[in-house]
Amino acid sequence: MTDMPMDKVLIGASTSSLLLSQAPLNLLTQNVDLEGNAKYLEHCYQQLQNEFDKAKHLNEQYLKEKNDLIQERSDLTCLAEFCVNVYVALLKQKLELEQVNEDLELTIKQQDIKMNDDVPLMRLWVKEGFEGFNPYPYPLYPWVKNPGLTPTPVHP
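Per the numbering used here, the very first residue in the sequence shown carries number 1; after that it's consecutive.
It should be emphasised that the hints constitute simulated quantities derived from the structure, not laboratory data. Every value quoted in this text rests on a predicted model; they were computed, and no experiment measured them. Ideal Cβ placement from N, Cα and C applies to all residues, glycine included. Warning: the hint list may mix true and false statements.
Lysine-lysine pairs mimicking DSS-like chemistry, simulated, CA-CA at most 27 Å apart [as the list claims (entries may be wrong)]:
#1 K54 x K64
#2 K56 x K39
#3 K94 x K109
#4 K56 x K66
#5 K54 x K66
#6 K92 x K114
#7 K92 x K109
With beta-carbon atoms standing in for the labels, derived distance ranges [to be verified]:
#8 L106 x N85: 53 to 61 Å
#9 A55 x N26: 35 to 43 Å
#10 Y40 x L76: 36 to 44 Å
#11 T29 x K64: 50 to 58 Å
#12 Q61 x L90: 24 to 32 Å
#13 K64 x N101: 53 to 61 Å
#14 Y62 x Y87: 50 to 58 Å
#15 K66 x K39: 36 to 44 Å
#16 Y87 x E51: 33 to 41 Å
#17 K92 x K66: 35 to 43 Å
#18 L76 x E96: 53 to 61 Å
#19 A89 x L58: 30 to 38 Å
#20 C44 x P24: 43 to 51 Å
#21 S74 x K114: 56 to 64 Å
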């Protein structure tokens, strides 16, 4: 300190005493600032907690809706498989009915051919009257005319 001029030492001493006198004021200001910061941080924490709770709720809602959609898709898949199976069964029945229809048409055509073969005999029957008409050229029940015969049909 001997190298420094006296006025500077006084200024330094007064500055340090001023700093010492302002120290409690600075500490009070810093304390107020820290309390304000703490309140602000607490407020921010509450906002973040609220936002987190909202996000958590939205996430739970999203997962529930996602699971509902997965279940609905599964149900629709099962329903589609059922409809396909019903459609296949109906197609099989349709094909069977078409085959039965073709068989019936064939039988009808065969019966028509047979009836057309019998038409001349039918005309004769109508001309002569219904009595005594035998559309078959051989007797089916010869024992009716001959009671002594056994009831065995005769086929040529």
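Query raised in the report: Taking each numbered hint in turn, which are not upheld by the structure, reported in ascending numerical order?
Result: 6, 8, 10, 12, 14, 16, 18, 19, 20
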